[in-house]
Amino acid sequence: MGDAIIAFLDTWSPIDLVLIAQNFDRFLLGAWVTLQLTFLSLVVGGCIAVPLAIIRAGNNPLLNAPVWAFTYTFRGTPLLVQTYLFYYGLGQFEWIRESFAWGPVLSQAWWCALIAFSLNTAAYTTELLRGAIESTNRGEVEAAKACGFSKRMRLKRIVLPSAFRRALPAYSNEVIFMLHGSVVASTITIQDLLGVGRWLNGRYYLAYEGFITAAVLYLVIVLVISRGFRMWEKNWLQHLYPHDAVKTNPKKGLANFRI
Amino acid sequence: MGAIIEYQGQLLQGTWVTIQLAIFSAMFSVALGLLGAWAKLSKNILAQKTAAGYTTIVRGVPDLVLILLVFYGGQELANQFGSLTGLWDYVEISQFAAGVGTIGVVFGGYMTETFRGAILAIPRGQIEAGVACGMNKYLIFRRIIGPQMVRYALPGFSNNWLVQIKSTALVSVIGLQDVVYNGFVAGRSTRLLFTFMFAVLMVYLVLTAISDFGLRWLDKKYSKGIVRSDDG
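If you read the protein sequences in the order shown, they are chains A and B.
All letters in the first sequence, in the order written, are residues 0 to 258 by numbering that gives the first Met the number 0.
All letters in the second sequence, in the order written, are residues 0 to 231 by numbering that gives the first Met the number 0.
Bound-form chain A, shown alone (with noise of 0.2 Å):
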């Protein structure tokens, strides 16, 4: 039975699934590398991320200026170069090559890659916090005042945990963006997802299964990573809906609409 699947695929799928079917394998490890990436780098991104938006969203302008001119470049240029930079570029630098750092860090590619992730999503993770914090409620910041919390106070208990909410559904975009750049990872010798799959190209000299492979995957892992967005954007933001959106039907209300 089971042969006679495989010959059945041999002859007649256009693309050879056996192969891919006897390296999944390798493609599970290659997603787990990118998973790993992607979320350890928005995990350290999300730490520097969460200072730089409060002082961003303050006004002493001799701590706002670096942040801006950080965030500004890591916005208005390509995370391949950045990468690029990181891994080729530190090289170039005799004290760097000769500094502690360099055999068990800088040199490898994993953690350049981490690096470059990792300052890549603070930049824009700290341009939309900023945006949350800006725009809480200024009635919420009064009340606290008048109760007399200090300004830490205001920030721990009153500002931050209502921006992070807002923050989520722009959160989960940058979340999808940093996993699909991870795949520059696959341009610095890294066995991820992608990586993998040029991996399987190269070797057997092919033009389409390892690529879709890891498409595929790819789209997978977002669809599942944007399903559960949704599910805790349902549960911490409750609050923020129309009453009776659960009633209606949001779609209904466009769908006289027609051109």
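Just so you know, the hints here were simulated from the structure itself, not pulled from any lab data.
Beta carbons are placed, not taken as given, at the ideal position from N, Cα and C, and that holds for glycine.
Wrong hints could be hidden among the right ones.
[What the hints assert, rightly or not] Partial list, computed: chain A residues near chain B (C-beta under 7 Å):
{"hint": "1", "residue": "T76"}
{"hint": "2", "residue": "L79"}
{"hint": "3", "residue": "Y83"}
{"hint": "4", "residue": "Y87"}
{"hint": "5", "residue": "G88"}
{"hint": "6", "residue": "V182"}
{"hint": "7", "residue": "T186"}
{"hint": "8", "residue": "T188"}
{"hint": "9", "residue": "F210"}
{"hint": "10", "residue": "Y217"}
{"hint": "11", "residue": "V221"}
{"hint": "12", "residue": "I224"}
We have chain A already, so just place chain B on it with the hints.
The following block gives chain B in isolation, referenced to the frame of chain A:
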């Protein structure tokens, strides 16, 4: 710095390729976006489903994967098709065409959403008024929807364009001699990769800054006579 001046010809040439790539793919993506928005808002179920599938796939798969698939797979497919039908002998897809095609298709998906949102933002009453005046669909699109759509779509378009310029860097992976590729080659031969990658970074920063400026000017132009609320 001296090395950059020495290699400025290559860098400028690469920058020009990048600009061309960005502009052509943007034109392609705007065309696809209009088509996609029309399909998504049409009554035709097949068109709706096709457009929905298109935007899901294109926004779910990373652009580099699609670029590689189109460049290597597309060429193979074209040649298999050619030998099967006998229409052509051997074709080679150029890196530039693969880049413009793929980036155009990918951002067409994003533009579809932008234009769809822009069309839906136009108050319905205006379209009803058009119908009441006896205008047909095309006239309504040309006189009422079209001109206002530009204004509503501009913020989304600006965003897409800024991302699109940066995405063109990925085409260097398939060997297109854009600013990243040329900068990398120059950096490798002079052993000054940091210097050259930094110069490339600056090129992109300048391109983004110029576009930012231009788009802001366009935004001002198209929102003439519109009063914005203070807290908006």
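Structure-based check of each hint:
Satisfaction of the interface hint for A:T76 is found here, the shortest Cβ-Cβ separation to chain B being roughly 4 Å, below the 7 Å cut-off. Given hint, A:L79 at the interface with chain B, holds; its Cβ is 5 Å from that chain's nearest Cβ, closer than 7 Å. A cut of 7 Å between beta carbons decides the hint on A:Y83: the least distance to chain B is about 5 Å, and the hint holds. The interface hint given for A:Y87 holds, since its Cβ lies 4 Å from the closest Cβ of chain B, which is under the 7 Å cut-off.
Checking A:G88 against chain B by beta carbon gives a least distance of about 3 Å; that is within 7 Å, so the hint holds. For A:V182, the interface hint holds, the least distance from its beta-carbon to any beta-carbon of chain B being 4 Å, beneath 7 Å. For A:T186, the interface hint holds, since its Cβ comes within 7 Å of a Cβ in chain B; the closest pair sits about 6 Å apart. For A:T188, the suggested interface contact is broken, since its CB lies about 13 Å from the closest CB of chain B, more than 7 Å.
Below 7 Å, beta-carbon pairs count as interface contacts, and A:F210 has one with chain B at about 4 Å; its hint therefore holds. Interface restraint check: A:Y217 against chain B, minimum CB-CB distance 5 Å, threshold 7 Å, status holds. For A:V221, the suggested interface contact is upheld, since its CB lies about 4 Å from the closest CB of chain B, less than 7 Å. At a threshold of 7 Å, the smallest CB-CB gap from A:I224 to chain B is about 10 Å, leaving the interface hint violated.
In summary, the numbered hints that this structure violates are 8, 12.
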